[in-house]
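Colleague: The chain contents come next:
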Amino acid sequence: MKLPVIGRYLALKRRGVLGLNARNGRYIMPYNQRRFYPLVDDKIRCKQVLENHGIAVPPMLDSIRTQFDAGHLEKRLARLERFVIKPASGSGGDGIVVITSKRRDYWLTAGGNLLRLDDIQFHVSSILNGMYSLGGHPDAALFEGLVETDPILRRLAPEGVPDIRVIVFRGVPVMAMMRLPTRRSGGRANIHQGAIGVGINLATGTTLQAVMDQRVIDRHPDSDEPIEGFEVPDWDGLMELSARCQAAVGLGYLGVDIVLDANRGPLVLELNARPGLAIQIANQTGLGNRLAMVERKHSPEQADISTRLDWARELADL
Amino acid sequence: MIRIRHWLVLALALILLGSGLAWWKVQQYGFPLKPDMTDVSWTVQARIQLRPGEGPVKATLQLPSQTPNLGRLREDFISRGFGLDVQESRYQRQATWSVRRTGGRPMLYYRAQFYTDSARQDFAPRPQFPDIPALEEPFATAMVSITDDVRRHSADIETFTTEMLSRVNAASPREEIALFLNAPEFRGNRLEIVRTLLAGARIPTEQINGLLLVDSDRRAVPTRWLAVHNGQRWLFFDPSSGRQHLPENLLVWWRGAQAPVRIEGAELIDLHWSVRRNEVGSLSLAEQRAREHDFLLANFSLMNLPVQTQSVYAILLMVPIGAFVLVLMRNLVGVRAFGTFMPVLIALAFRETGLAAGLVMFSVIVALGLLFRFYLERLRLLLVPRLASVLTVVVILMLLMSLLSQRIGWEVGLSIGLFPMVILAMVIERMSIVWEERGARDAMIESAGSVVIAVLAFLLMTQPLIQHLVFVFPELLLVVLGFTIMMGRYSGYRLSELIRFRELAGRRG
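From first to last, the protein sequence lines are chains A and B.
Under the numbering used here, read the first sequence as residues 1 to 318, first letter to last.
Under the numbering used here, read the second sequence as residues 319 to 827, first letter to last.
Treat the hints as calculated values from the structure; they're not laboratory data.
Incorrect hints may appear among the rest.
No farther apart than 20 Å at their CA atoms in a straight line, the calculated lysine to any residue pairs in the SDA-like style are these [unchecked claim]: (1) A:Lys102 / A:Thr66; (2) A:Lys13 / B:Leu650; (3) A:Lys13 / B:Glu821; (4) A:Lys13 / B:Ala823; (5) A:Lys13 / B:Leu822; (6) A:Lys13 / B:Lys352; (7) A:Lys13 / B:Tyr808; (8) A:Lys75 / A:Lys13; (9) A:Lys13 / B:Asn649; (10) A:Lys13 / B:Leu635; (11) A:Lys13 / B:Arg812; (12) A:Lys13 / B:Ser814; (13) A:Lys13 / B:Val651; (14) A:Lys13 / B:Gly810; (15) B:Lys352 / B:Leu635; (16) A:Lys102 / A:Leu77.
If you're wondering where the values come from, they're calculated on a predicted model, not measured in any experiment.
Take these sequences, add in the hints, and give me the full structure.
Modeller: This is the structure in structure tokens:
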């Protein structure tokens, strides 16, 4: 029992796989200052900051902060048809409702449910009460324009909104993966709920192997489409977008979630100050060596964007 | 680099300080490492009974002063109507009772408690070389002849003494020795003869009088022992066997050939010694010892607190142990659980109910509460009122369980008392959210993880040995703190990650 454990431990160490303790202790704590957390934990503030830095984001249609407003949604909802309701400080996709169309007096969700006005009012009211925020703190609800997924990506993800998660370390993108929702994940791009993680070659933007439930798969389980070798459109633009987020929020170790909108190109959906480690499984490689490489550069945050992107491309071979 | 060292130095310092203090307490004062350990102490008493004359009475008793191998805890002087004065120098103590006029047959008591303390070795001052005793003939010639002969058969003072003792103790002593043994001056007192002969060789000696502390003895008789100074230190000899040793439990009471009591103005009817052997808790003995030595921390002992406060601390001090289990399970093993300290709180709740009953009650109440919570979901209540409703239902469920267990005669159901219902309500709320958002599987994994950690923490927190150690050596919490700080800087993999990333370990390239 003892030896295989040690062998596995050393093998992971050798291959530079990052564990949660190392992520928290070596990267998040030294490089992510507490005072910047509220910027990314509150999606409304985050969106404003990113917009101020000229970073493309999905439009904010409305935000609700008081129970009074939550009780008088009717007028506000009247002009909205396709939108997403999000808790401003939710995590892991909890509490997000995607409305794809409006019928006479109810709304249709991406999951196929029909919601009446009081359903939506209850949901918003739950959000305000802190149902989805960490520690149950009072929260705000955010109405966001629905992203029209780039039709090229539709082939890979028949349902839901796929997104691309880029880990940006000190302004340098170090690893990326695409997250494809499945029927099982309920249209959510959340690996833990059954979405597919697809590794991406940082230099070329082509997809590598796909992983679902920790296992390598060849084809999308819903559409049977092959996933590997797909070229992500506007990859360079996407990389630049992700690299610029560091300066906007001041976090050294950052997860940037980007969606590809059919009309507007790559948009930053949200930022994450504690991005997960599943990205290593999707890429079948460890983050440790790449992070160490960036750490060896002399204050990489100060380098200009093209240098940083060059470094990122070099990391692909690591 | 300096930052990295900082935490390590701090952690190591805490660990060393904590364990060092505990070690010191064990070594120096015999604080017991195991619960329910008993030690032996002896209560020794000297009783003097007098028949007073007409005038003032004065009685002087030699008291134990320097007692090798034994420490003195408490002494009492009991005497009715007498004034007491204790004279004390480094190597001699004596009590003087005095009264101007008294009737009847007054009794004077001296009582003291002794415990083994191998740290004490001080005995008596360094002696002068004695003058050669001026003896009459034929004793003087015999003495010279004996010492010369013994000197020829010995190498040093130690062997000299042994040889001399064996000659004096011999069944058929030689002519010169027999001369001394039969002499009226010595009245067959072999110890006195040996001391005289050793003085003839200018060897300093001392007679020791003491009591052997073995069993309770209502009528103890003082033993005589021979101490010989070899120029560096005192050597002790059993005068009857000639063997060189000092029994560990020989209480050295007074030195010299004279009687331990001097009486003026009265007649000594009886001098009575008794020894009582006591079994005492090692802990209370160690406490007394520490206080006797003026150990600074003895004043900060938990034993000084009121019993009620003590019992609270007995529980509180275990919380860091539970928290450390939590740290290990989360950061080293990677078990997922609800909340940060919820498992420790559940473990504390198990303390009230016992493990089996606690687990049953926990599962039943959480399961029923969860059902109710899912029903509440349909009523669309706001967060805080919903939590309060769940809490109310939990209290009702607890009440029902108690009533039910009363009916079926299952007593543990009644011990529910302090089972923290707020914790249960929070568990239910948290579980239902995880259930809805991430599915039943995650909810089950997290609650199973919480229960596993709680059970482990409970088992450790209720170990009598650990409870004892933490309570007697609260400084061990510094050790726990040190290890917790070290765990805080552990950046290696968690056990669960070895499984999670197994694909990454196996692939070559």
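Colleague: Indicate, hint by hint, whether the structure satisfies it.
Modeller: Structure-based check of all given hints:
{"no.": "1", "hint": "A:Lys102 / A:Thr66", "verdict": "24 Å, violated"}
{"no.": "2", "hint": "A:Lys13 / B:Leu650", "verdict": "15 Å, holds"}
{"no.": "3", "hint": "A:Lys13 / B:Glu821", "verdict": "13 Å, holds"}
{"no.": "4", "hint": "A:Lys13 / B:Ala823", "verdict": "9 Å, holds"}
{"no.": "5", "hint": "A:Lys13 / B:Leu822", "verdict": "10 Å, holds"}
{"no.": "6", "hint": "A:Lys13 / B:Lys352", "verdict": "42 Å, violated"}
{"no.": "7", "hint": "A:Lys13 / B:Tyr808", "verdict": "14 Å, holds"}
{"no.": "8", "hint": "A:Lys75 / A:Lys13", "verdict": "57 Å, violated"}
{"no.": "9", "hint": "A:Lys13 / B:Asn649", "verdict": "17 Å, holds"}
{"no.": "10", "hint": "A:Lys13 / B:Leu635", "verdict": "37 Å, violated"}
{"no.": "11", "hint": "A:Lys13 / B:Arg812", "verdict": "12 Å, holds"}
{"no.": "12", "hint": "A:Lys13 / B:Ser814", "verdict": "15 Å, holds"}
{"no.": "13", "hint": "A:Lys13 / B:Val651", "verdict": "17 Å, holds"}
{"no.": "14", "hint": "A:Lys13 / B:Gly810", "verdict": "8 Å, holds"}
{"no.": "15", "hint": "B:Lys352 / B:Leu635", "verdict": "17 Å, holds"}
{"no.": "16", "hint": "A:Lys102 / A:Leu77", "verdict": "10 Å, holds"}
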